[in-house]
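S.K.: Starting from the structure of chain R, add chain L where the hints point.
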Amino acid sequence: MPENRVPNPYRPRDWGVHPPYKYDAYGSTKLRAPSKPLVPLRQTLSEITGPVYGHDAVTPLDADLSVNARRNGEPLGERIIVFGRVIDEDDRPVRNSLVEVWQANAAGRYIHVVDQHDAPIDPNFTGAGRCLTDNDGRYRFVSVRPGEYPWRNHHNAWRPAHIHFSLFGASIATRLVTQMFFPGDPLLPLDPILNGVPDPDARQRLVARFSIDETKPEWALAYEFDIVLRGRHATPME
Amino acid sequence: MAKQTASQTVGPYFAYCLTEAERYGGRDIASNVLAADGTLGHRIRIEGRVLDGAGKPVPDAMIEIWQANAVGRYDHPEDTRAQAALDPSFKGFGRAGTDANGRFFFDTVKPGALPGTGWAQQAPHVNVIVFARGMLVHAYTRLYFADDHEANAADPVLASIPERRRGTLIAERRQSDGRVAYRLDIRLQGEDETVFFDV
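So the sequence lines, in the order shown, correspond to chains R and L. Be aware that the first sequence starts at 1, since it is given in my numbering, and climbs by one per residue. Be aware that the second sequence starts at 1, since it is given in my numbering, and climbs by one per residue.
Treat the hints as calculated values from the structure; they're not laboratory data.
No farther apart than 35 Å at their CA atoms in a straight line, the calculated lysine-lysine pairs in the DSBU-like style are these:
1. L:Lys91 to R:Lys36
2. R:Lys36 to L:Lys3
3. R:Lys216 to L:Lys3
Computed from a prediction, not measured in an experiment: that's the story for all the values here.
Just chain R, same shape as in the assembly (with noise of 0.2 Å):
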């Protein structure tokens, strides 16, 4: 590569999908919004690179919520499989690429120090997990259903259940935090943070489909969510 070339750049971010810093129902983003322009830049080696993680950054059990934190036995609350691809606009596996997760227990309650939400802190559960995609971009977790759970932002306001995913893809440009939601649940149409996503087929998008193939027999429910990050240009930019 001459030296003067940088690798072809990825796609913009998708502000048809992706929600405005600015949304009036969702309360905190009133002073965390950003509120002037974004100033374009174009993509440099800064940009199309990032932080590559190896097969040495997890182990198998990082990916087992049910199992890694355990102290004096299994956690409560119905255990889940929770799995899909990860890739780009084009189709193309994102390979070999972190995945982190992280959610409330089966009783709503998140570990962290901040929750005071009034439900059991269960002792076998942490709710963090990660894995790296395969070579088909697949990622597997295993966990236990998360709990709803109230917060502040109206009146009588109460999040779905979900699970927050943290990804980079190969570089700080496909850089995406997200949240899985379930289907049939009936707090999804009411949740501010999901509607900040602008369009209704995006929104379906992150709510995981049932999947009774690779749900086990006398075991556990599973649930499939494909993520989809930013692709490349055909062409390098000079």
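M.R.: Showing chain L alone in chain R's frame:
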């Protein structure tokens, strides 16, 4: 073409997975200490606060940084420049949650200059990503170093920003007890709002 997956906020409860796993019995795979004993380059601390539109500290933000090593090389397969060597002891990625006063810091080395688009060199800089409860989408910014006057003056990214806003990306140098620190506050909103990029 597949559609991008929508971003959602990191929320207030990420620490036990992303920034402070050890405190909760887990294992951290990123931290705010980037430099190891053998890392080449000038040791620096990068520090600052995250402030909201009312000027109040944001106590539950997460800052990630990504930077080149002391000679300007990124530890990434697509940085193939032969003239700038990798440093096996330096990965270049850091993560920190803000504390109750909105403060964060990183112990790292000063990055070297690197090539930008075309023939333009980029001044030494650190790429910064900001996440927080109340931010439905993360925000990209950069940190430059105040004492790199000439390099900053020639930097194409800084040049693309209106002059009166450039200062929001330039960290001031402080030295005490032989330690060098660069300080930069990140203002999410308002008159002195930090420049955020449409990366």
